[in-house]
Amino acid sequence: MEIRYATNPTETKHYDTERLRQEFLIQQLFVPGELKLVYSHVDRFITGGAVPTGAAIKLEAPKHDMGADYFLERREIGIINIGAAGVVTVDGTEYTLESKDCLYVGLGNQDVQFHSADAANPARFYLSSTPAHKSYPTVKVAISEAEPAHLGSITNSNERTIYKYIHLNGVQSCQLVMGMTLLKPGNMWNTMPCHTHNRRSEVYLYFDMPEDGVVFHMMGEPTETRHLVVRNEQAIISPSWSIHSGVGTSNYTFIWAMAGENQEFSDMDHVAMTDLK
1 MEIRYATNPT ETKHYDTERL RQEFLIQQLF VPGELKLVYS HVDRFITGGA VPTGAAIKLE
61 APKHDMGADY FLERREIGII NIGAAGVVTV DGTEYTLESK DCLYVGLGNQ DVQFHSADAA
121 NPARFYLSST PAHKSYPTVK VAISEAEPAH LGSITNSNER TIYKYIHLNG VQSCQLVMGM
181 TLLKPGNMWN TMPCHTHNRR SEVYLYFDMP EDGVVFHMMG EPTETRHLVV RNEQAIISPS
241 WSIHSGVGTS NYTFIWAMAG ENQEFSDMDH VAMTDLK
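Using the UniProt record's numbering, you'd call the opening residue of the sequence shown number 1 and step up by one each time.
Think of the hints as simulated: they come from the structure by calculation, not from any bench. A few of these clues could be false.
Computed beta-carbon distance windows for the label pairs [unchecked claim]:
1. 92 x 16: 25 to 33 angstroms
2. 94 x 64: 38 to 46 angstroms
3. 60 x 99: 45 to 53 angstroms
4. 231 x 84: 19 to 27 angstroms
5. 3 x 198: 19 to 27 angstroms
6. 199 x 151: 35 to 43 angstroms
7. 277 x 121: 19 to 27 angstroms
8. 64 x 32: 33 to 41 angstroms
9. 67 x 19: 39 to 47 angstroms
10. 13 x 229: 49 to 57 angstroms
11. 73 x 149: 32 to 40 angstroms
12. 231 x 67: 27 to 35 angstroms
13. 8 x 92: 18 to 26 angstroms
None of these values were measured; they are calculated from a predicted model. Cβ coordinates follow ideal geometry from the N, Cα and C atoms, glycine included.
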């Protein structure tokens, strides 16, 4: 498990490109046959990827890093499959996830394993985990069951559909909020006009991008903006003080996961376009 420590806005404004990438960009999450995990001290997020290509991959807790006997001893997790069909087994119960389906697994479940329906065309499980203090039921939500919200316009290059999976009015959790945004063809911008939310942090995973495509992810304080070049299936850690917008060379999809002081999706500190620098 890779460990990332929290940074502050005063220091961050002095970082060069390489340092920004080391602190905030997760470049390689999906490795065939492996479980990859990144532990961030920003709201204690664990972000990961599992690509089963043979035997099942078990979700395990590195004892030195987590101090737990099993991964969900003090945690909850949201899982979204971005690959071919796969199965997540939770304490002996199987949940089949097609592409873009979500599974929430609550505190106290001890045995979580990932399988691909076809090892030659594997599932690609994206994981977001946060600390938890109460156990909620394991729930699967297919993308066909998630209520879509259509927002934006082609005029502003941000016509998109938002799917909320884990949230106050959907799957219940302790603090994890998780969903997915799909931009329609011809649209490239997300989360602009931008905002911060000082009461919680966020992690983005960008995917459904061509091999030569990139997203210019905007970050930093509203008056001290920076950018990171993000490629397919790479993730961004966004602290509470940072904006988190992006513009791509074509349309793309991203998964967002939030955790912190509350679970109100609309809790945002909007930034006027005239104040952005």
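Each hint, compared with the structure:
The hint said 25 to 33 angstroms for the Cβ distance between residue 92 and residue 16, and at roughly 49 angstroms that hint is violated. Distance hint check for residue 94 and residue 64: the Cβ-Cβ separation is about 31 angstroms, which falls outside the suggested range of 38 to 46 angstroms. Residue 60 and residue 99 have their C-beta atoms about 25 angstroms apart, which leaves the hinted 45 to 53 angstroms range violated. Between residue 231 and residue 84 the CB atoms are about 21 angstroms apart, so this pair conforms to the stated range of 19 to 27 angstroms.
The supplied range of 19 to 27 angstroms is met by residue 3 and residue 198, whose beta-carbon atoms lie about 24 angstroms from each other. At roughly 22 angstroms, the beta-carbon separation of residue 199 and residue 151 lies outside the given 35 to 43 angstroms, and the hint is violated. Separated by about 46 angstroms at the C-beta atoms, residue 277 and residue 121 break the suggested range of 19 to 27 angstroms. Look at residue 64 against residue 32: about 26 angstroms separates their beta carbons, and that is not inside 33 to 41 angstroms.
One distance hint, 39 to 47 angstroms for the beta-carbon pair residue 67 and residue 19, is violated here, with the actual separation near 29 angstroms. One distance hint, 49 to 57 angstroms for the beta-carbon pair residue 13 and residue 229, is violated here, with the actual separation near 19 angstroms. For residue 73 paired with residue 149, a C-beta distance near 35 angstroms keeps the hint of 32 to 40 angstroms intact. Checked against the hint of 27 to 35 angstroms, the C-beta distance between residue 231 and residue 67 comes to roughly 34 angstroms, which is consistent with it.
Distance hint for residue 8 and residue 92: a CB-CB separation of about 44 angstroms, inconsistent with the stated range 18 to 26 angstroms.
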